[in-house]
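Enquirer: If you want the building blocks of each chain, they are given just below.
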Amino acid sequence: MTAAAVTSRPRALTYGNVWLSAVLLGVMALYPFVFGKSLNFGVSTLLLAGFAMSWNILGGWAGQLSLGHAALLGIGAYTVTLFAIPERAPAWLGLAGPVAPWWGALIGMALAALLALVWGRLTFGLRGSYFTLSSIAVALIIRLVVINEDFGGGAEGLFMPDLPKLFGLDLFDRHVEYGLAFTFVALTLLVTHLLRRSRLGYALQAVREDEDGARALGIDPTRMKLAAFVLSAVLTALGGSIYAIYLQAFEPHTLLELPLSVQIALMAIIGGRSSIQGPILGALLLAVFGEVFRNVFANANLLIYGVLILAVTLFAPDGLSGLFKRRGSKLGTNR
Amino acid sequence: MDPNTLALFQTLAQGLLTGGIYALIGTGLSLIFGVMRVINFAHGDFLAVGMFIALFLFQRFHLDPYLSLLIAAPLGFGLGYLVQRFLLARLGDRLESSSLLATLGLGLILSNGLLLGFGAQPQSINVAYATQTFKLGGVQISLPLLVAGLGTLLAIGLLNLFLYRTELGRAVRATAQNPLGAELQGVNTTWVQAVVFGLGVAFAVVAGVLLLPLLYAFPTVGENYTLKAFVVTVLGGLGNLPGAIVGGLILGIIESLGAYYLSNNYRDAYGLVVFLAVLLLRPEGLFGRTVKRV
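Residue numbers (this note's numbering), protein chains in the order written: chain C, 715 to 1049; chain E, 189 to 482.
To be clear, the hints were calculated from the coordinates, so they are not data collected in a lab.
A quick note: this is a predicted structure, and the numbers were derived from the prediction, not measured.
Here a beta-carbon is modelled for each residue, glycine too, at the ideal position from N, C-alpha and C.
Mixed in with the good hints, there may be bad ones.
What the simulated footprint calls covered on chain E by chain C, stretch by stretch (three residues with Cβ under 8 Å from a Cβ of chain C suffice, anywhere in the stretch; the number is not a length) [stated by the list, open to error]:
{"id": "1", "segment": "273–283"}
{"id": "2", "segment": "301–309"}
For each label pair, taking beta carbons as the anchor points, the in silico distance ranges come out as [to be verified]:
{"id": "3", "chain 1": "C", "residue 1": "875", "chain 2": "E", "residue 2": "308", "range": "29 to 37 Å"}
{"id": "4", "chain 1": "E", "residue 1": "197", "chain 2": "C", "residue 2": "875", "range": "47 to 55 Å"}
{"id": "5", "chain 1": "E", "residue 1": "331", "chain 2": "C", "residue 2": "876", "range": "51 to 59 Å"}
{"id": "6", "chain 1": "E", "residue 1": "404", "chain 2": "C", "residue 2": "913", "range": "35 to 43 Å"}
{"id": "7", "chain 1": "E", "residue 1": "244", "chain 2": "C", "residue 2": "1010", "range": "18 to 26 Å"}
{"id": "8", "chain 1": "E", "residue 1": "197", "chain 2": "C", "residue 2": "816", "range": "52 to 60 Å"}
{"id": "9", "chain 1": "C", "residue 1": "736", "chain 2": "E", "residue 2": "468", "range": "38 to 46 Å"}
{"id": "10", "chain 1": "E", "residue 1": "372", "chain 2": "C", "residue 2": "736", "range": "51 to 59 Å"}
If you want the ones that stay clear, here's a sample from chain C, every Cβ over 12 Å from chain E, calculated [claimed, not checked]:
{"id": "11", "residue": "900"}
{"id": "12", "residue": "1002"}
{"id": "13", "residue": "1025"}
Next up, chain C with everything else stripped away, as it sits in the complex (with noise of 0.2 Å):
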């Protein structure tokens, strides 16, 4: 930090850029009006925005890059089906019936809140590549249980049953589902905006910049990033149950890959890890690209996402959105 800096007026105390973040939403409101017959293509867009939005709680603002997303995403979407199907998890458990799947999904993020926190408990520890390593073993080995083990239906994966009406909707009607994306995606916008103007989220930009000076403050490095954890694994979590009943049918193979936590991951700091919109704007970049290029590159997709991230590592750091620095909000001063 530089003495100009130390010695100018300390910033006032704001929410971010609330305007864009508003325009943004008012344009994913409008999308099912203009574009009806593409609503797959807005729901998955939405999912992997919000999926995008939650990682960077925990990759933008506690800066722990992890690439073991998909586990916690599969934990949503695996609870959500599995408590809602009747001969697995209520029959073990001696529940009467299905659970539905607004309380499975409650459960989901009950579990993935303890898995980040035996897990971060574990790993915080360690610095730098380290964390990144070890998440993505911790995935692996969830993937590895799930396949293997009977409860998860194995390589097979689940199908999804019928599910009761939530408030009189369908859950398998694809407005309802556009509508329950656009709610995820709100809320992980929401959050990160009140992140923005609370003492973790300072606490979490100190520990981000200078953890060492960070502890000198008296902020207890740990404790802040486990709870940016917990915050990322609940939100990514619900997000997965979303995403379960949009699919209806899975398997362990696309949903706890790791090619899906490199596409959160690099969604997010291709769009702007230290930007509050920046993990949508990346989505919603490069699912339009996806969309483009399927024909040209069929399963090969991933390579815009590799040309993207060493594009953005080589000429733009900060993201797509550092490049607008003046008009996209910053979560904080950047050394």
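Using the hints provided, position chain E relative to the given structure of chain C.
Expert: Below, chain E alone, put in the same frame as chain C:
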């Protein structure tokens, strides 16, 4: 020998030889980290590139994979050299913090490039010795696995000669210890780093070629090996070359024993559990004298 002891020896031999290949992969990764403090997330993808170079040469020109080493190894070196020269060197001060993302992106480009070029279908080569085995005191040993083990020994031996018996090797060690000091002594560290990255990648490519007679080649095969390379290097201590060799052998044996005595389905998990345990308890590696730099 009674069957149980025999099975144990069989498992150990299998593990030791597989571990040799892991050691080869890990040595490349550790060398790169030791000199440049870069964790190469594309390491396994370079291994996949090696597999596909050999596969291509075999399918197109019927070149024996072991002969294709003569082409693949220099190609790998050149590829690594160029990557360092034109990509990583440009990161400058941000190398340590950005190299993870840069190499991750590079790996995605490599694996998806292979996917575009060769398709997702797993492919293998059909050579007479692929399934050949011979007996050593009752223990069955696969011929290509033995060749891979011997190839590892040779490669690591050559690396040692290079590092400790040549002028350039001395420059490499100096750069690893203190880049600025080496630069002041007239070492062109940018060039040395490019050579080191080239060597590390060449090791991964050689490992890929040696694995081809044993495994199916598919574009994302590297994912698993990147992680294995990390396990090996973390076991041995990042940047510690003899450690990487021992780490490789340990990983091979753990996997073999676990697969035989516990469950084959979790073959890839045993190493990871040990990896996590070592990360938590001894981040400097099992034989840690290396300083914790992160």
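Enquirer: Quick check: which numbered hints come out false for this structure?
Expert: Per hint list: 6, 13 violated.
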